[in-house]
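J.: Residue-level listing of the chains:
There are 2 protein chains.
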Amino acid sequence: MDSQRIRQPALAGKVMSAAQAATFFHNGMTIGLSGFTRAGDAKAMPRALADRAAHEELHFTVITGASLGNGSDGLMAEAGLLARRLPFQVDPTLRKKINAGEVMFIDQHLSETAEQLRSGTPSRIDIAVIEAAAITEEGIVPTMSVGNSASFVEQARYIVIELNTSMPLALEGLHDIYLPAARPERKPIPLTAAVARIGHPTIPFDPEKVVAIVLTETPDSPSSVLPPDDETRAIARHVIHFLECEVEAGRLPHTLAPLQAGIGTIANAVLHGLVDSPFRNLVMYSEVLQDSAIDLLDSGQLAFASASSITLSQAKYAHFLANLDRYRDKLVLRPQEISNHPELVRRLGIIGLNTALEFDIYGNVNSTHVGGTHMMNGIGGSGDFARNGQLSIFVSKSVAKDGAVSSVVPMVSHVDHSEHDVDVLVTEWGLADLRGLAPRERAVKVIEQCCHPDYRPQLRDYFERACQAGGHTPHLLAEAFTWHQHYASHKTMRLD
Amino acid sequence: MDSQRIRQPALAGKVMSAAQAATFFHNGMTIGLSGFTRAGDAKAMPRALADRAAHEELHFTVITGASLGNGSDGLMAEAGLLARRLPFQVDPTLRKKINAGEVMFIDQHLSETAEQLRSGTPSRIDIAVIEAAAITEEGIVPTMSVGNSASFVEQARYIVIELNTSMPLALEGLHDIYLPAARPERKPIPLTAAVARIGHPTIPFDPEKVVAIVLTETPDSPSSVLPPDDETRAIARHVIHFLECEVEAGRLPHTLAPLQAGIGTIANAVLHGLVDSPFRNLVMYSEVLQDSAIDLLDSGQLAFASASSITLSQAKYAHFLANLDRYRDKLVLRPQEISNHPELVRRLGIIGLNTALEFDIYGNVNSTHVGGTHMMNGIGGSGDFARNGQLSIFVSKSVAKDGAVSSVVPMVSHVDHSEHDVDVLVTEWGLADLRGLAPRERAVKVIEQCCHPDYRPQLRDYFERACQAGGHTPHLLAEAFTWHQHYASHKTMRLD
Chain A
288 MDSQRIRQPA LAGKVMSAAQ AATFFHNGMT IGLSGFTRAG DAKAMPRALA
338 DRAAHEELHF TVITGASLGN GSDGLMAEAG LLARRLPFQV DPTLRKKINA
388 GEVMFIDQHL SETAEQLRSG TPSRIDIAVI EAAAITEEGI VPTMSVGNSA
438 SFVEQARYIV IELNTSMPLA LEGLHDIYLP AARPERKPIP LTAAVARIGH
488 PTIPFDPEKV VAIVLTETPD SPSSVLPPDD ETRAIARHVI HFLECEVEAG
538 RLPHTLAPLQ AGIGTIANAV LHGLVDSPFR NLVMYSEVLQ DSAIDLLDSG
588 QLAFASASSI TLSQAKYAHF LANLDRYRDK LVLRPQEISN HPELVRRLGI
638 IGLNTALEFD IYGNVNSTHV GGTHMMNGIG GSGDFARNGQ LSIFVSKSVA
688 KDGAVSSVVP MVSHVDHSEH DVDVLVTEWG LADLRGLAPR ERAVKVIEQC
738 CHPDYRPQLR DYFERACQAG GHTPHLLAEA FTWHQHYASH KTMRLD
Chain B
288 MDSQRIRQPA LAGKVMSAAQ AATFFHNGMT IGLSGFTRAG DAKAMPRALA
338 DRAAHEELHF TVITGASLGN GSDGLMAEAG LLARRLPFQV DPTLRKKINA
388 GEVMFIDQHL SETAEQLRSG TPSRIDIAVI EAAAITEEGI VPTMSVGNSA
438 SFVEQARYIV IELNTSMPLA LEGLHDIYLP AARPERKPIP LTAAVARIGH
488 PTIPFDPEKV VAIVLTETPD SPSSVLPPDD ETRAIARHVI HFLECEVEAG
538 RLPHTLAPLQ AGIGTIANAV LHGLVDSPFR NLVMYSEVLQ DSAIDLLDSG
588 QLAFASASSI TLSQAKYAHF LANLDRYRDK LVLRPQEISN HPELVRRLGI
638 IGLNTALEFD IYGNVNSTHV GGTHMMNGIG GSGDFARNGQ LSIFVSKSVA
688 KDGAVSSVVP MVSHVDHSEH DVDVLVTEWG LADLRGLAPR ERAVKVIEQC
738 CHPDYRPQLR DYFERACQAG GHTPHLLAEA FTWHQHYASH KTMRLD
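Protein sequences appear in the order of chains A and B. Number 776 in the numbering used here belongs to position 489 of the first sequence; there are no gaps in the numbering. Number 388 in the numbering used here belongs to position 101 of the second sequence; there are no gaps in the numbering.
Looking at chain A on its own, in the form it has when it is part of the complex:
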């Protein structure tokens, strides 16, 4: 083993196979795995534990930063390992088991998990499994994400380190590890700009807790983001035009405010659209950086980016790792408690850009539940930013399933973000600025600006009849979900 990878000689003896390390895990334990939006995830141990589960009863509560890559969630779900899983996932196999009620999934604001662990709810971490690029004299060097790793290491009884030799040692110094103290000794978080460093480059740890070091060389799974298309480009144009108007009105400076963008194709496309915008010296204060962030750094429009993970396509991933030195001064990765912290999101005045599955005429947003019942991925950090930021923008294509599903509905079938937390809604058709408007005013904007023209007549019809029935937020409860029911029975939300 390269002595640069393990700089505490006493730990060299802890190197073992994943199968050996798996013997430290016992049925019923709570496990904290590194990994956030498939970046920096523990790669060997999920597989080794799934192998063990073929021969014996093994059920865990598994907590991560956010989603894992490498099919790990699917493997663990298939093996029956996952009794309880939080706070986020994106795996098709796991999704199926969650929706069948076989895995208890706790869908959680990503800033809250660390806080809850600190207060001992629901349970303490037994073993932390953390991917690292190196172990220095001072601490663990994370890889492409920080997520909840620092909290797991702080609180776990035992630590397993997955030392990934495919990760360049140059990652050292990219991270800024700061965790709030336990209350009541907690002080203000001393961060007043996205570029600030307030902590340490490595995760401090107690070497006595390390029970195993497992060597891996598996890269992160590439992101599954699709390239921009006509609709996402139109959405990007609307958002950028809106931001230009905000600057013109004097409500935002020319450098805007720190940007957050949720994971996924549309948010990535909107950010990508900034390449052609007049904005310069932008900064991001986000939870995840996608390809678009690297392109904006390359184009010079983005001056600095702070996040908790970097999730890239295969090509961009290779480019990034090969050119780390170019990005070193322009990037920082933080614990997700800090990237998403209400204190900082409010102080910095984040502009939050997140994706809606569907939204309704009053601006309530469903980010998670297909048909109101079936979990897609999870709320992620969208609530941290939408509630506490300066501007909360949600984007969606106006229709899905070749037009059979309208993303703009009379009433969302599940509420993740209430109208209180939604300032601006955007589809390829237009942008509805809902700030300072009462519900009846919001409805007109949403219908006329965002809804697909094919669905506008039936949405106007609903709204007009609801207004006749009265109320601050007019609805016809007997018809509020008719569109969803019609899709379930007729495979289209078109009522005629």
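Calculated from the structure, these hints are not laboratory results. Note that CB positions come from ideal geometry on N, CA and C, so glycine has one too. There's no promise every hint is true.
Each computed PhoX-like pair below joins lysine-lysine, with the alpha-carbon atoms no more than 25 Å apart [said to hold, decoys possible]:
hint	chain 1	residue 1	chain 2	residue 2
1	B	K384	A	K732
2	A	K474	B	K474
3	B	K617	A	K474
4	B	K474	A	K617
To be clear about the criterion: a stretch of chain B counts as covered by chain A if any three or more of its residues have a C-beta under 8 Å from a C-beta of chain A, and this derived list gives those stretches [said to hold, decoys possible]:
hint	stretch
5	660 to 673
6	749 to 758
A few chain A residues facing chain B, derived, Cβ under 10 Å [unchecked claim]:
hint	residue
7	A387
8	G388
9	Q395
10	E399
11	R470
12	T479
13	P540
14	R634
15	I666
16	D671
17	M698
18	R722
19	P726
20	A756
On the provided structure of chain A, position chain B as indicated by the hints.
T.: Showing chain B alone in chain A's frame:
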């Protein structure tokens, strides 16, 4: 005029009648009125403006801290003065006009109004009307609330001061005025404990902006809180037992964490129940203090209380004002932006206690909309505390309308707080601790612990059939609002 009330001689000449002051107001203006939960509200100008509106066209956007007393909202609504109103109200006449779509009401998290004004959305304040106990050399001494007054004064073009001579001069020193700077110069808010003072005792102002000083002597409207009854006492017992268990489990210290309690009968009763609890040296960090807070200060159990307003019954109000010196060191009133600020709510680890109108089997809470459509009061500060606090508790009686309405329903007809923000639900029947549970697990707790026994069979029936249909959050969209529809047509939610 007592020179103690106006300590800037140049301002003495600005004293005039409310009718004279009313001539400074023009159609279409945006007005900021002091007042929070009926405490410290501007009392003379709403009436004078309503009188003027009898003779001429006058429509305003009226922004307050929270609700006004003295029937002011009703008077203004009746006179057609209110084109737009935010962020909270409790007036029956205004409510009717809101629900008829005649007044555009923007229901807003109470921490956000000041932030939006600072960024110029939706409009700047033309005239601020602020109730004061005195005008010192340094600033305005507010009365029984601070609310958004400091923000209004900072941003308004003109200021009208209502000098209320029934308010004791001894109020001076009770307030702590601190406002965050505009971004990007914003620093951490230097408050690390509920007792801390971080600002000035008066609201700084530009004397040039003062166009009128109006003398009043009207007291605040008394609170309309009902005395505890069997149900509210039972709810209090459940909450206190839960908190005792948290202390025993080591998740809370013996002094608990700073307490927030929403306005209203049930929250007041729960706090009142603490008088008989084993807890000592408690502190409150809340938006409003009701009778219960004064009783807890008197009993010695509450060591300190921070809020944005004090709203008391007639008897307690007289007692409080006559004994101000006794409370001087145990109380502070802050701007609502600070009392409800996400940064501070998270840092201090507030235990939030708020009232639900209805909640559903998965823990979503409706705080505002009767039947999903008709506004009752507004979300107030509940979202500020529920989202960012350490523990979010919602309380409600299990039934209303003599048992014809169940407060526990299959799906709430309006979502103010999604299940992500709701830790604990309580009715007189019991307490459901939902932390760390998946939706299907939450439903069992809510049904068996909180629902009135008369409604449990039909709620179990819904949940069981929904589970057969599947999903992470099982629902039957065709039946989700059947209970509400049945109440509309049959005046009962009982389906048999």
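J.: The structure should be examined with respect to each hint, and the outcome stated for every one.
T.: Going down the list of hints, with the structure as the test:
no. : hint               : result
1   : K384/B with K732/A : holds (22 Å)
2   : K474/A with K474/B : holds (13 Å)
3   : K617/B with K474/A : holds (23 Å)
4   : K474/B with K617/A : holds (23 Å)
5   : 660 to 673         : holds (count 5)
6   : 749 to 758         : holds (count 5)
7   : A387               : holds (6 Å)
8   : G388               : holds (5 Å)
9   : Q395               : holds (7 Å)
10  : E399               : holds (8 Å)
11  : R470               : holds (4 Å)
12  : T479               : holds (6 Å)
13  : P540               : holds (8 Å)
14  : R634               : holds (5 Å)
15  : I666               : holds (6 Å)
16  : D671               : holds (9 Å)
17  : M698               : holds (9 Å)
18  : R722               : holds (5 Å)
19  : P726               : holds (8 Å)
20  : A756               : holds (7 Å)
Hint compliance for this structure: every hint is met.
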